[in-house]
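Residue-level listing of the chains:
Number of protein chains: 2
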Amino acid sequence: MSGDLGPRVAISAAENFVAAHPDVDLTFVGDRSQLQSLIEKSPSLLRSSACIFHAADVVSMGDDPLGALRQKKNSSMWVALERLRTGEVDACVSAGNTGALLAMSRYLIKTFPEIERPAICKSMPVTDGLTYLLDLGANINCSPFHLQQFALMGSVLAEVAGVVAPRVALLNIGSEAQKGTEVLQQAQELLRNDLRINYVGFVESSDIFSGHDHVIVCDGFHGNVALKASEGLARFVAKKISLTLQRNLFNRLLSFIASPVLAQLREELNPSLYNGASFLGLQKTVIKSHGSADSKAFMHALVVAREQVLLRVPEQIARKLGSGN
Amino acid sequence: MSGDLGPRVAISAAENFVAAHPDVDLTFVGDRSQLQSLIEKSPSLLRSSACIFHAADVVSMGDDPLGALRQKKNSSMWVALERLRTGEVDACVSAGNTGALLAMSRYLIKTFPEIERPAICKSMPVTDGLTYLLDLGANINCSPFHLQQFALMGSVLAEVAGVVAPRVALLNIGSEAQKGTEVLQQAQELLRNDLRINYVGFVESSDIFSGHDHVIVCDGFHGNVALKASEGLARFVAKKISLTLQRNLFNRLLSFIASPVLAQLREELNPSLYNGASFLGLQKTVIKSHGSADSKAFMHALVVAREQVLLRVPEQIARKLGSGN
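These protein sequences, in sequence, are chains A and B.
Per this note's numbering: the first sequence = residues 658 to 982.
Per this note's numbering: the second sequence = residues 658 to 982.
For reference, chain A alone in the conformation it holds in the complex (with noise of 0.2 angstroms):
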């Protein structure tokens, strides 16, 4: 019912997933008349077992988190959610408030016990493949052991899309050794002596693209700067390309003989094919959507949902948690 956009993205983009994924059940939750009249319009949703749950409140994107968890009972965030709890749906994909969807996730699903704190991880285009970046915001202030955890789950990710022993790095200011914070100095001794990660050291964030690592691990502060730092300069750069492209009319008649070009490169530098971040160390699958997700963006985040529950990405997680060290 959130998000910046509001319900027809995530109508619009079940329409093409359940296209593409017959072997999932939808059920949408949120204003049943809203919800009823937008998948009227929709013959293959009208064609799906897709159904509507109704929920008469909605967390709203500016909502406090630890007041929208305490108020906010009756919104469809909480309801699918709870929905999530008793097992009737097997994953929860939001486009919603992400600080709220984090309360009340922790609240409601609860994370393993092993596990202190969930984080935010997105996969990232690299060079050659994908590299999971975590955490990306859910926890300001992180310990050594934290970062260790963080370390885990995504080694876990990387090892079910088919890495083998994934290479795992600690984001820094540099990448040798003596470099960074105390709490980094700390991660990477307790890294370097876990044999369920294969730590390969610091690593700095002009590197993160580079396709050297498969796990890249911080705190969520750094994590996040780190992100929207790229999407913003991703931004920038597309925005002088699109002036340049139009300044005169040479290049005008150049960008149109380079349409199928351009196409091919938006298609592939696209951040919709990255968007669905997971919220690792819950006891089930949570998935956020970015907030400003277009339909196609928000069609990859429920891909991202079906292939973790087929792939059983939290039981994985406990797995290797609970196999000591």
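Incorrect hints may appear among the rest.
No copy labels: a pair is met if it fits in one copy or bridges any two.
Derived lysine-lysine pairs resembling DSS-like cross-links, with alpha carbons at most 27 angstroms apart [stated by the list, open to error]:
hint	residue 1	residue 2
1	Lys953	Lys698
2	Lys977	Lys896
3	Lys730	Lys698
4	Lys836	Lys767
5	Lys730	Lys836
6	Lys836	Lys953
7	Lys897	Lys953
8	Lys896	Lys953
9	Lys767	Lys730
10	Lys977	Lys836
11	Lys836	Lys897
12	Lys896	Lys767
13	Lys977	Lys767
14	Lys953	Lys977
15	Lys977	Lys698
16	Lys977	Lys730
Honestly, the hints are just simulated from the structure, not real lab data.
Given chain A, work out where chain B should sit, using these hints.
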């Protein structure tokens, strides 16, 4: 003498610099015979007043900063800063070891008495103009008071560049006033109540390049992560574009036709144009060129040094700091 590419980059940059700015006298500090043989290949430098000051040793890129500070008193870096200290030169530009340059600068040049810590500051290209980002790595942990001093120093840079009442923001992981760490909350209070600063609120790193703010203040870890993440993404995008343009005959032909436009774009997005980080808070001008800077980029660092001397940036900072609150 150092940097990733050695002295030939500095000499080649100097060659273009003396042609453009005959008002500046250059002194090269380092191995005399090596520098002499490089200068002899340059007619414009031979005609200029450039001179050489011999230094037998070099701080290498991998040297520990404090070790270099204790042991490398015959290095080109030390000798250059010593000449700056005595007033024989007005500014020092180096592409060498950042940590060593910072440690030696603090020891030899010293900060103003009011300044607890110098900050590394760089102008970033934004949609319309420049934004000054600091600290970029000199200080891993900062107090609210340090961030306030960075805000003052960044404001001075923007002011001498012609901005009236520069808009100052604090980097955070959300733009809402209640977000972030305790340090950021306290820094916000200090900035709100400081009449010397036009504080506008928190900014997320996705908006660094938006051009909305003139000065963005953060601790050195966050600034370093933001700067390098954006550099990493820029490299990733450039590689994707280059691969796409080589993919097939049509694309290769297109890239040939588009070469003037691609050249324009490369020019506008060229990181060389933003090279040259200032060590603010020192009593004299020290400029750090990127270790991998090419000749054009190093030339820009020289331009920054000249501007800051002419605009009397250190003195302006002292004046602003001394002006009370």
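Now for the hints, and whether the structure bears them out:
1. Taking identical chains as interchangeable, the C-alpha atoms of lysine 953 and lysine 698 lie at most 27 angstroms apart only when both belong to the same chain, with a minimum of 18 angstroms there against 58 angstroms between chains.
2. Neither within a single protomer nor between protomers do lysine 977 and lysine 896 lie at most 27 angstroms apart by alpha-carbon distance, with minima of 44 angstroms and 36 angstroms respectively.
3. Proximity of lysine 730 to lysine 698 under the C-alpha cut-off of 27 angstroms is found in neither arrangement, the shortest distances being 30 angstroms within a copy and 77 angstroms between copies.
4. In this homomeric assembly, lysine 836 and lysine 767 come within 27 angstroms of each other (Cα to Cα) only across copies, at 24 angstroms, whereas the closest approach inside a single copy is 35 angstroms.
5. In this assembly of identical chains, lysine 730 and lysine 836 lie within 27 angstroms of each other by CA distance solely across copies; the values are 24 angstroms between and 46 angstroms within a copy.
6. Proximity of lysine 836 and lysine 953 under a CA criterion of 27 angstroms is satisfied in neither setting, with 41 angstroms inside one chain copy and 30 angstroms between copies.
7. Both within a single protomer and between protomers do lysine 897 and lysine 953 lie at most 27 angstroms apart by alpha-carbon distance, with minima of 24 angstroms and 21 angstroms respectively.
8. Taking the shortest alpha-carbon separations for lysine 896 and lysine 953, both the intra-copy value of 21 angstroms and the inter-copy value of 25 angstroms come in at or below 27 angstroms.
9. Taking the shortest alpha-carbon separations for lysine 767 and lysine 730, only the intra-copy value of 16 angstroms comes in at or below 27 angstroms, while the best inter-copy value is 59 angstroms.
10. Neither within a single protomer nor between protomers do lysine 977 and lysine 836 lie at most 27 angstroms apart by alpha-carbon distance, with minima of 29 angstroms and 33 angstroms respectively.
11. For a Cα distance limit of 27 angstroms, the shortest separation of lysine 836 from lysine 897 qualifies neither inside one copy, at 36 angstroms, nor across copies, at 31 angstroms.
12. Taking the shortest Cα distances, lysine 896 and lysine 767 never come within 27 angstroms of each other, neither inside one copy (42 angstroms) nor across copies (42 angstroms).
13. Taking the closest pair of Cα atoms, lysine 977 and lysine 767 come within 27 angstroms of each other only inside a single copy of the chain (18 angstroms); across copies the shortest separation is 52 angstroms, beyond that limit.
14. Taking the closest pair of Cα atoms, lysine 953 and lysine 977 never come within 27 angstroms of each other, the shortest separation being 33 angstroms inside a single copy and 51 angstroms across copies.
15. For a Cα distance limit of 27 angstroms, the shortest separation of lysine 977 from lysine 698 qualifies neither inside one copy, at 45 angstroms, nor across copies, at 63 angstroms.
16. In this assembly of identical chains, the alpha carbons of lysine 977 and lysine 730 never lie at most 27 angstroms apart, being 33 angstroms within a copy and 52 angstroms across copies at closest.
In the structure shown, a violation is registered for the earlier hints numbered 2, 3, 6, 10, 11, 12, 14, 15 and 16, in ascending order.
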